[in-house]
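Kindly produce the complete structure, drawing on both the sequences and the hints.
Here the protein sequences line up with chains X and D, keeping their order. The opening residue of the first sequence carries number 2 in the working numbering; numbering runs sequentially from there. The opening residue of the second sequence carries number 2 in the working numbering; numbering runs sequentially from there.
These are computed hints drawn from the structure, not numbers from a lab. Since the model is a prediction, treat every value here as computed from it, not as a measurement. The hints are all genuine.
One copy or two, either will do: identical chains are not told apart, so a pair holds if it fits within one copy or between any two.
Here are the computed lysine to aspartate or glutamate pairs in the DMTMM-like style, where the Cα-Cα straight-line distance is at most 25 Å:
| no. | residue 1 | residue 2 |
| --- | --- | --- |
| 1 | Lys21 | Asp123 |
| 2 | Lys115 | Asp50 |
| 3 | Lys112 | Asp36 |
| 4 | Lys112 | Asp70 |
| 5 | Lys73 | Glu46 |
| 6 | Lys21 | Asp108 |
| 7 | Lys73 | Glu57 |
| 8 | Lys21 | Asp79 |
| 9 | Lys112 | Asp123 |
| 10 | Lys73 | Asp50 |
| 11 | Lys112 | Glu57 |
| 12 | Lys115 | Glu47 |
| 13 | Lys112 | Asp94 |
| 14 | Lys73 | Asp108 |
| 15 | Lys73 | Glu47 |
| 16 | Lys21 | Asp70 |
| 17 | Lys115 | Glu32 |
| 18 | Lys115 | Glu46 |
| 19 | Lys115 | Asp25 |
This is what each chain is made of:
Protein chains: 2
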Amino acid sequence: MSEPAIVSLTPVGFIRSSLKHRADAPRQGSEGAPDAVLQMVPNVEEGTDWIMVGQEIIVVTWLHQARRDVLKVHPRNDENLPLTGVFATRSPDRPNPLGLHRVRVLDIAGKQLKVGPIEAIDGTPVVDIKPVLQSSEDSY
Amino acid sequence: MSEPAIVSLTPVGFIRSSLKHRADAPRQGSEGAPDAVLQMVPNVEEGTDWIMVGQEIIVVTWLHQARRDVLKVHPRNDENLPLTGVFATRSPDRPNPLGLHRVRVLDIAGKQLKVGPIEAIDGTPVVDIKPVLQSSEDSY
Numbered sequence: 002m003s004e005p006a007i008v009s010l011t012p013v014g015f016i017r018s019s020l021k022h023r024a025d026a027p028r029q030g031s032e033g034a035p036d037a038v039l040q041m042v043p044n045v046e047e048g049t050d051w052i053m054v055g056q057e058i059i060v061v062t063w064l065h066q067a068r069r070d071v072l073k074v075h076p077r078n079d080e081n082l083p084l085t086g087v088f089a090t091r092s093p094d095r096p097n098p099l100g101l102h103r104v105r106v107l108d109i110a111g112k113q114l115k116v117g118p119i120e121a122i123d124g125t126p127v128v129d130i131k132p133v134l135q136s137s138e139d140s141y
Numbered sequence: 002m003s004e005p006a007i008v009s010l011t012p013v014g015f016i017r018s019s020l021k022h023r024a025d026a027p028r029q030g031s032e033g034a035p036d037a038v039l040q041m042v043p044n045v046e047e048g049t050d051w052i053m054v055g056q057e058i059i060v061v062t063w064l065h066q067a068r069r070d071v072l073k074v075h076p077r078n079d080e081n082l083p084l085t086g087v088f089a090t091r092s093p094d095r096p097n098p099l100g101l102h103r104v105r106v107l108d109i110a111g112k113q114l115k116v117g118p119i120e121a122i123d124g125t126p127v128v129d130i131k132p133v134l135q136s137s138e139d140s141y
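The structure is reproduced here in structure tokens:
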């Protein structure tokens, strides 16, 4: 194929969280995750202009501690559930371990956005941020 | 900071669409986009096991024709709207041009998933696929 074989992402921010280890992280933000700080990288800071406190956003992370060589998992690490293709699950282990986190913006102070709840651990790179769309059919 | 400065993604598939040019693509799938084929790369094909026809999935694309040096845009390319940080918009132009497309799986044939509607153009690399979560509060 003529398409590019590899694309490179540069983090636009990092998560600062009280969650320090993957083993401590809940599987989804709604399952008891804490709030955290999204610290923007200085040179892309102006990309957050017009993000508002109270708004919902989708934080796209790079799950840097995930395994990339896994194509099948037991969902929720439950061996009673059948081995399932990673693309049919939300497992962090997958060829390109991107995380999608729908969170609310709780505070904004300069380069720092307080957001939550979010299950990403401390130090997780953030690669993109998007608004949640208003119309219900686009509401991912 | 000690975190990684760059991360690399390898496409897990490519979009095959009747949309050939960015100028022809609607801004969102719900705005008249066609159905398309998601052709998986052979060595990751088993990652799609248990994806079912009729299910909704989130296709994460690499918007390979987007500009990466843009931090502010007029939303929907409407110059009457104020210049807005790209992270507060769904503009494809952004430092890491990832696209999120919530689509329905219409057919599965081997390595090919027919999905839609989707506004990504022909040849767009797919970097991840995730199920839409069942609980409404996680329904991105």
